[in-house]
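2 protein chains.
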Amino acid sequence: MVKKFIVAVDLGGTNLKCGLFDRNLKVKAKTLFNTKSFRSRESLIQGIAGSVDCFLSSHRVSLNALLGVGIGVPGPVDARSGLVHFLPNIPGWKEVGLKKLLEIKTRVPVFIDNDAKLMTLAEHYSGAAKKYENVLCLTLGTGVGGGLIINNVLYRGGDNAAGEVGHFPLSENGPRCGCGARGCLEAYIGNNKIIQDARKIFGPRITLEEISALAGKNDPRAVEFWAKAGKTLGFALSGIVSLLNLDAIVIGGGISKAGKALFESIRREISCRAMAVQAKRVKVVRAGLGVDAGLIGAAIMVKINS
Amino acid sequence: MVKKFIVAVDLGGTNLKCGLFDRNLKVKAKTLFNTKSFRSRESLIQGIAGSVDCFLSSHRVSLNALLGVGIGVPGPVDARSGLVHFLPNIPGWKEVGLKKLLEIKTRVPVFIDNDAKLMTLAEHYSGAAKKYENVLCLTLGTGVGGGLIINNVLYRGGDNAAGEVGHFPLSENGPRCGCGARGCLEAYIGNNKIIQDARKIFGPRITLEEISALAGKNDPRAVEFWAKAGKTLGFALSGIVSLLNLDAIVIGGGISKAGKALFESIRREISCRAMAVQAKRVKVVRAGLGVDAGLIGAAIMVKINS
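Protein chains in written order, with my numbering: chain A, 866 to 1171; chain B, 866 to 1171.
Quick caveat, the hints were computed from the structure, so don't treat them as lab data.
It cannot be assumed that every hint is accurate.
Each pair may be met inside one copy or between any two copies, as identical chains are not told apart.
Claimed, not checked - Subject to a maximum C-alpha distance of 30 angstroms in a straight line, what follows is the list of computed DSS-like cross-link-like pairs (lysine-lysine):
#	residue 1	residue 2
1	K895	K1168
2	K959	K1145
3	K1093	K869
4	K995	K869
5	K996	K1148
6	K1065	K965
7	K996	K901
8	K1096	K1058
9	K895	K965
10	K995	K1145
11	K959	K868
12	K1168	K970
13	K868	K895
14	K1148	K959
15	K959	K1125
16	K1148	K1096
17	K1096	K1082
All chains should be built: construct the whole structure from the sequences, respecting the hints.
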C-alpha cells in the first residue's frame, strides 16, 4: 500500500498548529489550539497524539497510509534521537524524548526538529529560497532565530544548533539580552525592544502592524523607524555575508512585513559594509510561505526522511 | 606509468615558495624567491614555470610523472577556471588566466586557489583541524584571512569568496579599514594596527615576537596586551560560533605565536558571549602546519583533484 499522508505539527509558545498533508505537500486539514490550554507536558503530548487520531478518523485515513508525523519545536533539539533539550517559552520541557513518547502513542515514525530549521527547509523547498544554494533564513519575532542552507542542504553543525543569528554580538556594552550576554542582535531588534522603541515615538498604543502601514504610506517617521532597525540588522548581516558568500538572505516573522523601508535599509548597509563581491551576490528577500512555513517544513522533513 | 610527483607553489606578497612533493605529500625539495625580484607579472609566471622545470631536471623526474602544479595566491580566484581576479599586494594582477597561461608553459594540469583556502585545506587534511567536521581557519597577518570547512569539505560560497572573516564589522564608527569600510576586525587586529598599539606601550623598536616572548615569561604588560587582542578577536568569533556551531577554530599566522595569553582570552570571550551549547563544543587551537601550510595545501589540491 502506498503511504499517502503526513501529519505536521508546529508547536509554538502561543499556538499548537497541526496539519494533514498529502504526499505532494498539499494541506488537507488544519487545527489550531492555544498552547497554554494544555496544563502539563503530558497533556500537550496527548493533544498532539489526539490530533493525529482526529485527522485519521475525520479523513478516513488508515494508520498504514500515514508516512509519519513531523514536529517543529521552539528550542534546541537532537534531531537524530528526537530528544527536546528545552523549550524556553513552554514550561516543563527539559530533555524530553518526544520522538519515542509519540511513536509509542501514534505507532508511526515521528521526526522532530527546531522550528527555525524547519522554516528554513520549507523556504528552500518551496518558498523564497527555492533557487538558491547558500541561504540564511531569519525569523524576526520575540526571538531572532535562523537556519542555514549550505550547498543546498540544511546545515546543522555539531549539536544541531547552527543558525542562531540572534545572539550575534553588536556591541560590547549594549543592552542586556534574554540569553544573559550583552549587546546581542536580539536585544536590538527582538519584538519587545522594537515595540518599546516605537512607543517612545508613536505613543503607547501603537502596534508594529500600524507602523508598517504608515511606512507603506511613506510616513517619514515610520520610514525612518524601519530604516533604523534595518541598519542594525544589516550591520550584523554584512559580516555573515562576507564570511559565507551567501546567495540569499530570507527574512520572515512579524517585522518582515515592514516592507521597503526595512529591506532597502538592510540592503544599503550590506552594500556599504560587506566585501564587494559578496555584497553584489546576495539577495535580501522576504520569506514566501508566511505563518505556515514551520508547518510545511515539518511535513517536508517527514517526506525527505521517509 | 604512475604519476608520482606534485609541484606546489605559494605565491605571497613577500615570498614565492615552490616545493616538489611526492604522492604521499612528503616534500622532496623547496625553493624560495623574493616576490619583488620579479619585475613583471610575465617574469613572475615565467619564474614559476622555471621552478617546475628546475625541480624536474634536478630530481630526474619526467614530465609524465608529474600529477600537476598547484598554486595558492593571496587574493580572490575563480578556482574552477583558474582566473585570478586580483592580488591586492602584488601589482599588475587583474583578471589573469593563470591556469591557462601556466598549462601552456608547463604542459601539465594546473590548479589555482586562494591561499587562505589552501591553508584551511592543509590544516584539515593533516594539521590542527584534522579530526573536526566544521572548522573556521584564520590567518592573522597584515590581513586577516580565513577559510571554512563545512561537513568535512572546503566551503566556497557562490563566488569562491567565503571565509573572509577579516571584514566582520565590530563597530559602526571604528577605525578605517584597508577595504574602505569602518570598524572591520582587520582594522583592530591586523599586524599594522597591533604593532602600532604595541609601540605606544613598549616603545618604537618592539617586535611582535618580542611581546610574545615577554608574555611567555608572564610579563604583565605583555600578557595584558595579548589578552586585549584576544578579547577583540573572541568578540568577533563568538557570533560565528553561535551561527555555525563549529567544532574548532584554528588560528595561524604571526600573531598566533603569542601563546596562552592570547588563546585563553579568545576562549574566555567566546564562553561569555556565544550560546552555551555552541561555546562548549568549539575548540580554539593554534594552526599545526606553520609557514608551509599554504604550500602543503597547494599540493593537497592537486592530489584531491587528480
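Hints, one by one, checked against the model:
no., hint, in the structure
1, K895 to K1168, "within (18 angstroms within a copy, 54 angstroms between copies)"
2, K959 to K1145, "between (43 angstroms within a copy, 19 angstroms between copies)"
3, K1093 to K869, "neither (48 angstroms within a copy, 60 angstroms between copies)"
4, K995 to K869, "within (24 angstroms within a copy, 44 angstroms between copies)"
5, K996 to K1148, "within (11 angstroms within a copy, 35 angstroms between copies)"
6, K1065 to K965, "neither (48 angstroms within a copy, 62 angstroms between copies)"
7, K996 to K901, "neither (38 angstroms within a copy, 45 angstroms between copies)"
8, K1096 to K1058, "both (15 angstroms within a copy, 27 angstroms between copies)"
9, K895 to K965, "within (24 angstroms within a copy, 59 angstroms between copies)"
10, K995 to K1145, "within (19 angstroms within a copy, 33 angstroms between copies)"
11, K959 to K868, "neither (33 angstroms within a copy, 57 angstroms between copies)"
12, K1168 to K970, "within (21 angstroms within a copy, 53 angstroms between copies)"
13, K868 to K895, "within (20 angstroms within a copy, 63 angstroms between copies)"
14, K1148 to K959, "between (38 angstroms within a copy, 26 angstroms between copies)"
15, K959 to K1125, "neither (40 angstroms within a copy, 37 angstroms between copies)"
16, K1148 to K1096, "within (16 angstroms within a copy, 33 angstroms between copies)"
17, K1096 to K1082, "within (20 angstroms within a copy, 45 angstroms between copies)"
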